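As you go down the protein sequences, you meet chains A and B in turn. Under our numbering, the first residue of the first sequence is numbered 1001, with each subsequent residue one higher. Under our numbering, the first residue of the second sequence is numbered 1001, with each subsequent residue one higher.
Where hints are given, some of them may not hold.
Note that the list lumps identical chains together, so a pair holds whenever it fits in one copy or between two copies.
[What the hints assert, rightly or not] Here are the computed lysine to any residue pairs in the SDA-like style, where the Cα-Cα straight-line distance is at most 25 Å: (1) Lys-1172 - Pro-1423; (2) Lys-1091 - His-1375; (3) Lys-1029 - Phe-1329; (4) Lys-1091 - Ala-1080; (5) Lys-1172 - Lys-1213; (6) Lys-1091 - Leu-1287.
To be clear, the hints were calculated from the coordinates, so they are not data collected in a lab. These numbers come from a predicted model, not from an experiment.
Protein chains: 2
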Amino acid sequence: MTRTPIRDLPQHAGETVTVSGWLYNRRSKGKIHFLQVRDGSGIVQAVMGQLDVSPEVFERSGALPYETSLSVTGAVRADARAPGGVELLVKDVAVHHEPPQEYPISKQEHGPDFLLSNRHLWLRSRKPHATLRVRDAAITAVRRFFDERGFVCLDAPIFTPSACEGTTNLFKVQYFDEECYLTQSGQLYMEAGAMAFGKVYCFGPTFRAERSKTRRHLTEFWMLEPEVAYATLEDIMDLAEELIVAVVKHVLEHRRPELQVLERDLSKLERIERPFPRIRYAEAVALLREKGLPFEEGNDLGAPDETALSGHFDRPVLVHRYPAAVKAFYMKRDPADERYALCVDVLAPERVGEIIGGGQREDDLAALERRIAEHGLPREPFEWYLDLRRYGTVPHAGFGLGLERTVAWLCGTEHVRECIPFPRMLYRIYP
Amino acid sequence: MTRTPIRDLPQHAGETVTVSGWLYNRRSKGKIHFLQVRDGSGIVQAVMGQLDVSPEVFERSGALPYETSLSVTGAVRADARAPGGVELLVKDVAVHHEPPQEYPISKQEHGPDFLLSNRHLWLRSRKPHATLRVRDAAITAVRRFFDERGFVCLDAPIFTPSACEGTTNLFKVQYFDEECYLTQSGQLYMEAGAMAFGKVYCFGPTFRAERSKTRRHLTEFWMLEPEVAYATLEDIMDLAEELIVAVVKHVLEHRRPELQVLERDLSKLERIERPFPRIRYAEAVALLREKGLPFEEGNDLGAPDETALSGHFDRPVLVHRYPAAVKAFYMKRDPADERYALCVDVLAPERVGEIIGGGQREDDLAALERRIAEHGLPREPFEWYLDLRRYGTVPHAGFGLGLERTVAWLCGTEHVRECIPFPRMLYRIYP
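Put together the whole structure using the sequences plus the hints.
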């Protein structure tokens, strides 16, 4: 038996095909049953008249529980009013498995804890399904963007001996007779890669053991980290802009029905065009004060500050040159004013906040050694990293993009936990 | 200053361009210096005559240490004898950084421990560089293959509460006030995904805490895991074949120069065409006995058995229907003979051994409950997995492909540690 994906049905109008999937919804009106069947690629309405099938099949079909697995054979009829533009006129139904108990997720509202505990089933519902198809498209867009530009995908290790920015937020692992940590960033490894391959990126899971329970935190999330040799802060700001525009365009082109399921205001994505506003930290501070926020100059921006700033613009805003004192040891100082770092954060609009952080890296051996000491970091785990400044050091820059925060923005979703298939949070590692 | 990637030089024959990179090698002959410059995209020979540059530049260039970072401006000359088909006639050289100490990796042989400890620099050498570019192309090929076929990329979680096949080979993590494990397979999650999306795959790092130190083991490696609803063992064997052929073709098309650097016998890859031989476990046993191996029927195949079998064929061989007793609890039994499982291993040729393992999953609730009990596994962590059989269960199948073993085969590399950017092994987590 050949199965036809529901997504492809419009190409088969007039033909008789078989669709295999699950019963998503059902209603009856007089002598007709309307069965909504989903197969993962889409949903189609199968129309079954009493005289189309045997009396037994008709009677059973009117009582099938949700998530019954079944194959429906029928004629594809074009119908402009139907979602997807087609419906199926049923000729036969074969039931594979009829759930003996009621499906736990009803069409009514459920609390988030219940839904997250049933994530393995909740994935079948329309909104999670749409959100994760957007995530899939964003991944494809990112990879194509870098492939087309000659970047090499160079996966960073997950087990890391050194703690890039302190050990407080790291997960510790017993590694045979030693201890090590789960990576919170592949950046240092990408710097080694950039010196070998010119342009590299990694795209994998990263880990933060933060005891925070906010809408923007996961303990495990996917991060994209490109790094480019012979690149400056300006170069990397251009790259970040181009990437964001490419991802938005790809998702609009390939996931419009999904964004509609999510009731996303598409006009907000359609206006995402270069150039994005670029403001210095000092300008961001002035803007926050104008808005009446009690912001103290010299501090890093907190989540409420980012939210306020990101609500001010209709496209992503690049905030650059933060005070060096609040940023990581590896950031290069601005030669025009050493109090500031050559760094940039990209804040997505609509109060989403930071989706990208990056900048130019310190490429001078003596300066980097000084910073490691000033930050009270142990020297020995960074010896290999210092080697990159000993042997043909060059200006280089890169950034990290948080995938789930980006997907939350694309989908207009409040909480990042809905933007990853199986979210891991402070009190959640099941299922 | 616009920089031209070395890979693009053939398109600029006759023009004057600037290349930025590192000094890879150097020799002098009378009044000419030959500088081999690499930029990550390729290597070009820059020819510097004494009269082409100032006397200071000429003298300094004849003594530059390896891995000096520099920009070379010159005219691109087509030369069929040159690697890449072009060379650069130097007009000027700007040195960015001259290493004050000798580059630790010389052109002579080094031991593997030394090279692995200097992996951050060793990546710049020709063979690791070529190997990891092949890995990059294999990743691209895999993702395109599944994207084109309508699969959804659904990343499996790394933190897992349950231990799929026992806890002995798992890394344990302190997860706030609980304990959890690092995933050794995303399969169970992909099964949930297949019921929601029809066709899914995950492609991420997986972990095995094995105290083995062989050429085929890493503690951290990347695994690709597709899973398909309404699919049988036969379907998934077809999918595995198609995938392998697609990856080999893509790599041959896009990484031929790299395979040549690795001195790969290309004819062995060029003959990889469908169909692959498919043999039952019993036939594999007979073949091993013919070869004089002391194999006991009923056992799983060990590494030496796989090596012997994989040396027997000139293309990958699919060995299917192993004894159920030596396979995991979730494998569906063959209805034709319940002693065997509907499973398949794909062994790459040239004595590489297993690169894929998979099969059809048990889709019957009662049978699966029985297997969990028989394997002495705790029931509770698998409740969500059992739900997949409670609500619209369907036949489904999938497999896992080990990326680094596949790359080892493509490259003709003996050891998988060379097929991942920063290998993690029993005694190695640095750099």
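Cross-check of the supplied hints:
1. With identical chains, the CA atoms of Lys-1172 and Pro-1423 are at most 25 Å apart both within one copy (20 Å) and between copies (19 Å).
2. In this assembly of identical chains, the alpha carbons of Lys-1091 and His-1375 never lie at most 25 Å apart, being 72 Å within a copy and 44 Å across copies at closest.
3. In this assembly of identical chains, the alpha carbons of Lys-1029 and Phe-1329 never lie at most 25 Å apart, being 68 Å within a copy and 45 Å across copies at closest.
4. Taking the shortest Cα distances, Lys-1091 and Ala-1080 sit within 25 Å of each other inside one copy (22 Å), while across copies they are farther apart (67 Å).
5. Taking the closest pair of Cα atoms, Lys-1172 and Lys-1213 come within 25 Å of each other both inside a single copy (20 Å) and across two copies (23 Å).
6. Taking CA atoms no more than 25 Å apart as the test, Lys-1091 paired with Leu-1287 passes in neither setting, with 65 Å inside one copy and 50 Å between copies.
In this structure, the hints that do not hold are numbers 2, 3, 6, in rising order.
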